Amino acid sequence: MAPYRMSAAELEKLKEQLEELLEKRFVRPSVSPWGAPVLLVKKKDGSMRLCI
1 MAPYRMSAAE LEKLKEQLEE LLEKRFVRPS VSPWGAPVLL VKKKDGSMRL CI
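Numbering (my numbering), first residue to last: 1 to 52.
Keep in mind that the hints were calculated from the coordinates and are not lab data.
Predicted, not measured: the structure shown is a model, and the values here were computed from it.
Note that beta-carbon positions come from the ideal geometry of N, C-alpha and C, so glycine has one too.
Be aware that one or more of the hints could be misleading.
Listed below are the simulated PhoX-like cross-link pairs for lysine-lysine, each with C-alpha atoms no more than 25 Å apart in a straight line [what the hints assert, rightly or not]:
#	residue 1	residue 2
1	K15	K42
2	K43	K15
3	K13	K24
4	K43	K24
5	K13	K43
Label-pair restraints from in silico Cβ distances [unchecked claim]:
#	residue 1	residue 2	range
6	P33	Y4	28 to 34 Å
7	R25	R5	26 to 32 Å
8	K42	E19	27 to 33 Å
9	A8	P33	25 to 31 Å
10	E19	G46	18 to 24 Å
11	K24	C51	26 to 32 Å
12	E12	P37	16 to 22 Å
13	S7	A36	28 to 34 Å
14	V31	S7	14 to 20 Å
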């Protein structure tokens, strides 16, 4: 499956959210051959929600 296209601003927000989740140990790096696409959805307050 091809990844969703993201703008430079969306990629920056994604990097920020992933760094925060890694620091809090909610997620961890994986070497699995399987993966899932990531989608950023804008919330009513203008912030972005990370959807997997």
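Structure-based check of each hint:
1. Restraint check: the Cα-Cα separation between K15 and K42 comes to about 16 Å, which is no more than 25 Å; the hinted pair holds.
2. Between the alpha carbons of K43 and K15 the distance comes to roughly 18 Å, so the proposed pair stays at or under 25 Å and holds.
3. With a CA separation close to 17 Å, the supplied pair K13 and K24 stays within the 25 Å bound.
4. Straight-line distance between C-alpha atoms of K43 and K24 comes to about 22 Å, which keeps the hinted pair within the 25 Å bound.
5. Between K13 and K43 the alpha-carbon distance is near 13 Å, which keeps this suggested pair within the 25 Å criterion.
6. Take P33 and Y4: their Cβ atoms lie about 20 Å apart, and the range 28 to 34 Å is violated.
7. Evaluation of the 26 to 32 Å hint for R25 and R5 yields a pass: the beta carbon distance comes to about 30 Å.
8. Between K42 and E19 the beta carbon distance is about 20 Å. The supplied range of 27 to 33 Å is therefore violated.
9. At about 28 Å, the beta-carbon gap between A8 and P33 stays in the expected band of 25 to 31 Å.
10. A hinted range of 18 to 24 Å for the beta carbons of E19 and G46 is consistent with their spacing of about 20 Å.
11. Checked against the hint of 26 to 32 Å, the C-beta distance between K24 and C51 comes to roughly 18 Å, which is inconsistent with it.
12. Between E12 and P37 the C-beta distance comes to about 18 Å, which sits within the given range of 16 to 22 Å.
13. A hinted range of 28 to 34 Å is violated for the C-beta pair S7 and A36, which are about 21 Å apart.
14. Our hint of 14 to 20 Å for V31 and S7 is violated, since their Cβ atoms are close to 28 Å apart.
Going through the hint list in order, the structure does not satisfy hints 6, 8, 11, 13 and 14.
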